[in-house]
Each structure stands twice: as structure tokens, then as C-alpha cells.
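Residue 0 is where the sequence shown starts when you use numbering that gives the first Met the number 0, and the numbers rise one by one after that.
Simulated from the structure, these hints should not be mistaken for lab results. Honestly, I wouldn't trust all of these hints.
Unchecked claim - Listed below are the simulated SDA-like cross-link pairs for lysine to any residue, each with C-alpha atoms no more than 20 angstroms apart in a straight line:
(1) 84 with 99
(2) 185 with 212
(3) 4 with 16
(4) 185 with 59
(5) 45 with 240
(6) 186 with 176
(7) 84 with 72
Here the structure is a predicted model, which is why all the values come from computation and not from measurement.
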Amino acid sequence: MFTKKERVIIFFVFLSLFLIVFLIFPVIKLIFGAKPISLMKVIMDKDVQNALFTSLITSMFALLLTVLFGTPLAYILARYNFTGKRLLETLIDIPIVVPHTVAGIAILNFMGRHSLIGQFLSKFGLSISGNLLGITFAMLFVSAPFYIDALKESIRLIPERFEWTSRSLGYGLLQTFFRITLPLSKKGAFQGMILTWARAVSEFGAVIIIAYHPMTAPVLIYERFETQGLSASKPLAAILLFFTILIFVILRILVERRHDKG
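With these hints in hand, go ahead and build the complete structure from the sequences.
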């Protein structure tokens with residue numbers, strides 16, 4: 000007979016297995032269930048190649064913008080207290096919880112051709128509708144909070160006395176940030192970058208509202224599913240899933256190795 004503690008552990012394992020199977024087996028079945036011939040046809044498809052390239056380039060630009068503007072924001076939120084800080088942190092996290100079609104409509108309402116910002120951009124021949132710029136902004140909106148939150152929490156774990164010591168030795172705030180704060184928070188920063196990129200490259204809802212064309216990979220999968228059915232969309236979905244997981248795993252390994260060496 001099992002002891003009471005062992006019965007509890009078995010019960011926990013049973014509950015855990017249900018979720019593990021539900022989360023992992025659909026992914027395994029999609030990747031390994033696709034026929035090699037179908038995968039090769041999809042890989043050679045110019046539309047698929049263009050969609051994958053569009054997803055890759057726009058997600059990388061979204062990540063670049065997130066790091067550029069999100070890094071100082073994360074530092075301010077981690078190190079300074081000010082009126083409205085909690086409200087600001089809540090507002091920054093809103094894109095995580097809102098339906099992403101709503102996010103797309105919100106961006107269009109804020110930056111579309113009929114808005115003040117949209118009219119200003121039009122003077123320079125710019126628009127966010129139906130182009131790479133719009134896709135990038137959609138990805139930026141839904142993914143940036145992951146980087147900001149990860150870096151913010153990582154900076155908060157660094158004792159402030161390290162920065163005070165650096166300042167007392169004559170280093171300025173910017174020098175201290177790059178010499179002390181950023182190196183010590185690099186693991187959180189890299190993890191945030193991975194999550195941000197993964198969220199950006201997989202975005203569908205906000206992108207399809209702002210820019211159906213040029214198609215990203217998720218939008219093309221949806222288009223194939225709607226027009227040709229499940230059998231036509233499965234190989235493309237399997238390819239996108241495989242490459243996304245591959246890049247995600249490689250980045251995670253690189254981050255862990257850099258952290259271990261550091």
C-alpha cells in the first residue's frame with residue numbers, strides 16, 4: 000500500500016501528465032505527421048518562402064525596437080519610484096491580456112491614415128496599413144511587454160550598492176549602466192528577448208487587422224486553411240512550428256551557456 004504522501008505524489012503526477020500530453024503531443028503529431036513530399040513542396044513554394052522571410056525580418060525589427068526603447072524603460076521602472084508607477088506598469092502589460100484583434104484595431108485607430116499620427120506619417124509617404132512597417136508595429140505592440148518585464152525584474156534583483164560603488168568611483172550613470180547593471184542583468188535581458196521574438200514571429204490577430212498583405216507565415220497558414228482546408232495548411236504549419244522551436248531552443252541554449260560562463 001502507498002503512504003498518504005505517495006498517494007498525493009501519484010495524484011499530482013497524474014494531473015501533470017494530462018497537461019504534459021495536451022501541450023506536447025499536438026506539437027509532436029503536427030511535426031512528425033507531415034509527409035516529406037508535402038513538406039518539400041511547401042518549402043519550394045515561393046509564397047511560403049516570402050511569408051517566412053516577412054515573418055523573420057519584421058519580428059527581428061520588432062525585437063530591435065523593443066530593446067532600443069524598452070531597455071531604458073525597464074531600468075526606470077526597476078530603479079525609481081514615482082507617482083503613477085503602478086498604473087504605468089499595469090498599462091504596459093495590457094497588450095499581454097487583450098485579444099490581439101483588439102490590439103490591431105487599437106493600433107489602427109491610433110496610427111491609421113485617419114488619425115493625427117497617420118496624417119503626419121502620410122506627409123513623408125509612410126503608412127502602417129498593408130506593409131512591413133505595420134506588421135512590425137503590430138508585433139512590437141504585443142511582444143514588447145515580455146522584454147520589459149523580464150529585464151525590469153532582473154535589474155531589481157541587482158543590489159543597488161553595486162551601482163552606488165561604481166558611481167562613487169567616478170563612473171557616470173550611463174557608464175555604470177553599461178559596466179555594471181546591464182552585464183549583471185544580461186540573463187533576464189536575453190530571456191526577455193527570446194520571449195519577445197517568439198511572441199512577435201507567431202503573431203496573427205493584430206497583424207491580420209493591420210496588414211493582411213504582405214503575408215506573414217501565420218497569416219498564410221490561415222489563408223491556406225480557409226481556402227484549401229486542413230490538409231493544405233498542415234505542412235506549412237509544421238514547417239513554421241519546426242523552425243520556431245529550433246530557433247527558440249538554440250537561443251535558450253546560447254543564453255544558458257553565456258550565463259554559465261559569466
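Hint check results:
1. 84 with 99: Measuring from Cα to Cα gives roughly 25 angstroms; hence the hint is violated.
2. 185 with 212: violated, 36 angstroms
3. 4 with 16: holds, 18 angstroms
4. 185 with 59: holds, 19 angstroms
5. 45 with 240: holds, 18 angstroms
6. 186 with 176: Distance ~15 angstroms between residue 186 and residue 176 Cα, so the pair holds.
7. 84 with 72: Distance of about 11 angstroms is within 20 angstroms: holds.
Comparing the model with each numbered hint stated earlier shows that hints 1, 2 do not hold.
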